[in-house]
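Chains as they are written, first to last, in the numbering used here: chain A, 286 to 692; chain B, 311 to 416.
Everything labelled a hint here was simulated from the structure, so no lab data went into it.
Any given hint might turn out to be false.
If the Cβ cut is set under 8 Å, some of the chain B residues that face chain A in the computed set are [as the list claims (entries may be wrong)]: (1) Ile343; (2) Cys350; (3) Leu381; (4) Ala385.
According to the in silico footprint, chain B covers these stretches of chain A (three or more CB under 8 Å from chain B) [as the list claims (entries may be wrong)]: (5) 363-375; (6) 580-586; (7) 607-619.
Ideal Cβ positions, reconstructed from N, Cα and C, are used throughout, including at glycine.
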Amino acid sequence: MSEQTCIIIGASHAAAQLAPSLRQQGWEGRIIVIGDEAYIPYHRPPLSKTFLSGEKEVDGILIRPAAIYQKNAIEFKLGSRVELIDRAHKTITLKSGEVLNYDKLALCTGSRVRKVTLPGVELEGIHYLRDIGDVEGIKQHVAAGKQAVIVGGGYIGLETAAVLNKLGMKVTVLEMAPRVLARVTAPELSEFYTRVHTEEGVVIKTGIAVSGLKGDGHVQQVHCADGSSFDADLVVIGVGVIPNVELAEACGLNVDNGIVVDQFARTNDPDIVAAGDVSNHPNQHYNRRLRLESVPNASEQAKSAAASICGKDVEYNALPWFWSDQYDLKLQIAGLSQGYDEVVIRGDIKSSRKFSAFYLLEGKLISADCVNSPLEFMVSKRLITEKISVNAAQLADINISPKEFLN
Amino acid sequence: MPLINYIDHNGNQFEAEVAVGETVMQGAVDNMIDGILAECGGACACATCHCYVDDAWIEKTGQADDMEKELLEAAVDPKDNSRLSCQMTVSEDMDGLVVHLPKSQY
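Only chain B is shown next, with the shape it has when bound in the complex:
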């Protein structure tokens, strides 16, 4: 199973094995990683699973669609590498992915 690295705003690193086909958000929820709230459960409705994709991985994770982009635009402190983790589905070539978690999901 691909290993995903979640790094919180204090620099603490959490590793989680996430099955191919699961989302990066679900991997965090399943492993009790704080910093991802995922209030809507992955419906792309709340932007409480905001994360920053490590620059080295941006090509592998793809681009946000329009709905996601608008949600991200109004999230707290959006950056060019912002994504909603519920919209990133884990694939084999994402083994080792590094995402950074924001200080606040509001």
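Isolated chain A, as found in the complex:
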């Protein structure tokens, strides 16, 4: 029998775990990872944090050094894009025209930034933030005393605002919704983050829609639908991401807000798995299907995907979690808060920078946002995972140690 080949499309967090996990699970054939960027897999979260601030360089954010992939005979084709998947012949075609055969295929195509179609968006000094190239572009326009406008008050926008502010820029955040972080968190948290950014000197405007960008070659102003305008030397747009499902869709895989997979990361083709931001997968903690944009999701699901390729069943059913670093705030989020019917605040959210917000549904904890409160975060993960009943009044009582909630 000739040697088998597993091709991984995408070279980010999911691929960085999937490829070595294949070796651990006993895959002896070739492993080829195809990525459209010039880099081997790197950590994306630092892009809007320590990489933007200059504290870390490319070498400092690689997920694994190149030598580890070499040692495990993991091949990379970087700077390449896959044009199509032919499931009948089990081949993929690259943009260069090269055709590669696969026995097993892993789709780790991730997500891409949602682009806006505003007049003037092609001007210099306007950037999105998703990859190293984007941040290198942003860095060229960073200068103390200059004006930065952030379009979008989600986590990426706010993290970027915090770093640019620290680098000495005058930063304004423009958010279309009535509050920042509206899609992912409770009004209390939005108010908290607005307060902290304001204290740090960032201007936050909500309920405001950008209508166009103006400048002579380089952006100079951001114009809004209400007639207001903001001077800008740099504009960073962060209005969400969309999953890269086109390849999967074109070859007839089931796609519905992501590539549809089962709890083992398998698609409806027995030789194809999918993992990471692009996958729509079942989650028992919330009894529904999820598509998550998160690092832990990508790496943990990739382990299940690798096992499936090797003919083993390793279920993926992790509790989603996220983090965000801004200024001296370390936010850790356990679970998903959508659908909560009660929010309990523990600590002083109005004037301090250390508290937790617990989200309950019918008396059960479903999620927690913990700011500079790692113990509450760790306990919440277990309370949610183990479905331990909690008492709202106790959660709010800072005289009771969070560990007692586990008893």
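With the hints as your guide, set chain B onto chain A.
Leaving out everything else, chain B in the frame of chain A:
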């Protein structure tokens, strides 16, 4: 390069050469040593790289800061010698370091 010894909960020992300036966590990740998950990649945000420093090495590895201590407090089965391996940077005098890995990172 300093040699770090990782011993899993079954007593299996893995040796890895880890460059000075790298973390004990990265050494495990780079060498595919199970038992260290490191879900956050070293941001001190998840406590999935929990390990126990062998008693003979505690002076060399230093102390956890407050953030790390709180994360450790709620990790599964914390002990006096618990550390997050992402917060331990390898130095020359850590050659031979022995860390024990917990049964579960949750």
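Hint by hint, here is what the structure shows:
1. For Ile343(B), the interface hint is violated, the least distance from its beta-carbon to any beta-carbon of chain A being 10 Å, above 8 Å.
2. Look at Cys350(B): its Cβ gets to within about 6 Å of chain A, closer than 8 Å, so that hint holds up.
3. With 8 Å as the threshold, the beta carbon of Leu381(B) comes within range of chain A, its nearest partner Cβ sitting at about 4 Å, so the hint holds.
4. The beta carbon of Ala385(B) comes within 7 Å of a beta carbon in chain A, closer than 8 Å, and the hint placing it at the interface holds.
5. Note: the stretch 363-375 of chain A has 0 residues with beta-carbon separation from chain B under 8 Å; the three-residue rule is not met and the coverage is violated.
6. Check result for the stretch 580-586 of chain A against chain B: holds, 4 residues qualifying (beta carbon to beta carbon below 8 Å, three or more required).
7. Check result for the stretch 607-619 of chain A against chain B: holds, 4 residues qualifying (beta carbon to beta carbon below 8 Å, three or more required).
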